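Peer 1: Place chain B on chain A using the hints.
So the protein lines, in turn, are chains A and B. In this text, residue positions in the first sequence follow the working numbering: the first is 1, and each later residue adds one. In this text, residue positions in the second sequence follow the working numbering: the first is 1001, and each later residue adds one.
Be a bit skeptical, because a hint or two may be false.
Stated by the list, open to error - Label-pair distances were calculated between CB atoms; the ranges are:
id, chain 1, residue 1, chain 2, residue 2, range
1, A, G120, B, A1172, 48 to 58 Å
2, B, G1240, A, S167, 47 to 57 Å
3, A, P99, B, E1160, 55 to 65 Å
4, B, Q1197, A, G48, 33 to 43 Å
5, B, F1028, A, L141, 33 to 43 Å
6, B, F1194, A, R96, 34 to 44 Å
7, A, L141, B, T1009, 10 to 20 Å
8, A, P99, B, R1200, 11 to 21 Å
9, B, A1186, A, Y36, 37 to 47 Å
10, B, T1009, A, N240, 33 to 43 Å
Rather than coming from a laboratory, the hints here were simulated on the basis of the structure. Every value quoted in this text rests on a predicted model; they were computed, and no experiment measured them. C-beta: ideal position from N, C-alpha, C; glycine also.
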Amino acid sequence: MPDNGEARPFRPKLRAGARFGADAAQRPILLFEDVYKSYRPGAPVLRGMNLVIERGEFVFFTGASGAGKSTLLRLLYRAETVDEGRILFMGRDVARLTPDSVPFLRRNIGCVFQDFKLAGAWSVYENVAITLEVLGLPQRLIRARASEALDRVGLSGRGSDPAAVLSGGEQQRVAIARAIVGEPALLLADEPTGNLDPQLAIDILGLFEEINESGTTVLFATHDRSLLELRSRRIVVLDNGKAVDVRSGIAPETIESDFDNELPV
Amino acid sequence: MFDLSSATTRRAKRGLRREWRLHVLSVFSLSVAFVCLAASLLVVTNLQAIERRWARAGRASVYLKDDATSADVTQLKDALAKVPGVTAVRYVSSGQARDQFAKDDDPKGALAALPAEAFPASIEVDVQADVTDEGLADIVSKLEKLPAVDGVETYQSWTERLARLVRGGVAASAVLAVIVLLSVLAVVGSTMRFVLQRRRAEVEVLRLVGATDSFVKAPFVIEGSLQGALGATVAVALLGAMFLIVHSRIDGELAMLIGVEPSFLPWPFVLGMVALGAILGAAAASLGLRRLVQV
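Chain A on its own, in the form it takes in the complex:
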């Protein structure tokens, strides 16, 4: 409560974590325990994967095509469920959420994809504002926060443009604005630079780093070696269905051997 008697601006609690006890803030934001996932019998994508992600981390996920990067992210926002094991997000087992709870999980996770996943017929503003409309916030607040998010990704003044007419880089910025406007605890990026030229890719990576600096945990799946070499970040390599954690960067030769030369050089 404000002690000076002045009214605070309305700020909804969007983070589910805010409802948890004080100890919740001390727990890792993500915990993978013996996670198994397969699409075909006898060919598991993830086989007993274990991993801990702390709050506020920026983690690159990398690995050869089919190594399970996208699967891992899909498991996180419950587009898929694990066959065995547990994924704890803020202490809650994602796989055990009821279907009715899944939307509430997703309100705490921002997602950015290689193919942007925008509604092309909607305007830029509408694509961003929908995240807040789902929460039932007042239009006044939605307008203010959507504009703020668009400003943050460098698209201020472009709100009325149809999303379909934007360039690839601009569309990805809209997708990022949509992902961050709800101030999610976790931001998932599945090959977000896959369709962009190298300079744009670096710009977009910089945007994710800025978002991370404000406290949001970022999981960035990519097989773009140049991006991995560009920054000294924690890198998790997915190989043979398990996560190999490299906390302080990775040497190029290690990457080559790990990926069996499948990475673009």
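Peer 2: Same frame as chain A, but now just chain B:
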């Protein structure tokens, strides 16, 4: 304050604007189904009005034998006037019956050559409207036993025929209502599934940002509801226009023949049909979207 409803309405409006051709086609299909239902209801309500009119007629014609004397007639009139429920008794001679027939039913005089004897003399009896069928039948059976009476016509058989016709009409309307219901479910359900496919990207985005099933479905349900309501409204408007055209042409003759002026569907029926369209449309859209696009 939550602004969920306005967001939903906005999305529904946007959907209607974007897919207006599809919605117009759907409304047209629904109006065809509803016009059948409305037409049958129109026939049934008018038949019911005729039935009520004739059921209230409260008349009986006591036809006299040719050899009935004036003393018989006077005696019969006096006796009838004393029967409880009888309000008026009037003697119609053969000549008066022929003149009345020539005036009402043969204005061109095609049957003018018929002799007066061709029309039996009768005593026209008016009974109170609240006299039951059983009461009237009792009066008739007593009259038929009198020696001067040849036969009694109460028009009850006509009322019974009309009642059977009305019951048939009601049954036909019920069948049509079921057909309309199935049509609405099929048309709106298919339209909504098609619209959903066209807006797959939109639904995918909604799923990603944590929209609940009801949030995703709401605009589609509004669109379905509007389709149903518009389909019913167009149907009633079309039927109303047709009714006015027919009414202006045959109103006088028909009203004289049947004793009742034809009327359009009462307002509660019209509003009920529009409400039914809206409810069916919403239900059909909801059922059609049971399996939403999963992300």
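Peer 1: Look at each hint and say if it fits the structure.
Peer 2: To see whether the hints hold, each was checked on the structure:
| no. | hint | result |
| --- | --- | --- |
| 1 | A:G120 x B:A1172: 48 to 58 Å | holds, 49 Å |
| 2 | B:G1240 x A:S167: 47 to 57 Å | holds, 55 Å |
| 3 | A:P99 x B:E1160: 55 to 65 Å | holds, 60 Å |
| 4 | B:Q1197 x A:G48: 33 to 43 Å | holds, 39 Å |
| 5 | B:F1028 x A:L141: 33 to 43 Å | holds, 42 Å |
| 6 | B:F1194 x A:R96: 34 to 44 Å | holds, 36 Å |
| 7 | A:L141 x B:T1009: 10 to 20 Å | holds, 18 Å |
| 8 | A:P99 x B:R1200: 11 to 21 Å | holds, 20 Å |
| 9 | B:A1186 x A:Y36: 37 to 47 Å | holds, 44 Å |
| 10 | B:T1009 x A:N240: 33 to 43 Å | violated, 52 Å |
When held up to the earlier numbered hints, the structure conflicts with hint 10 and nothing else.
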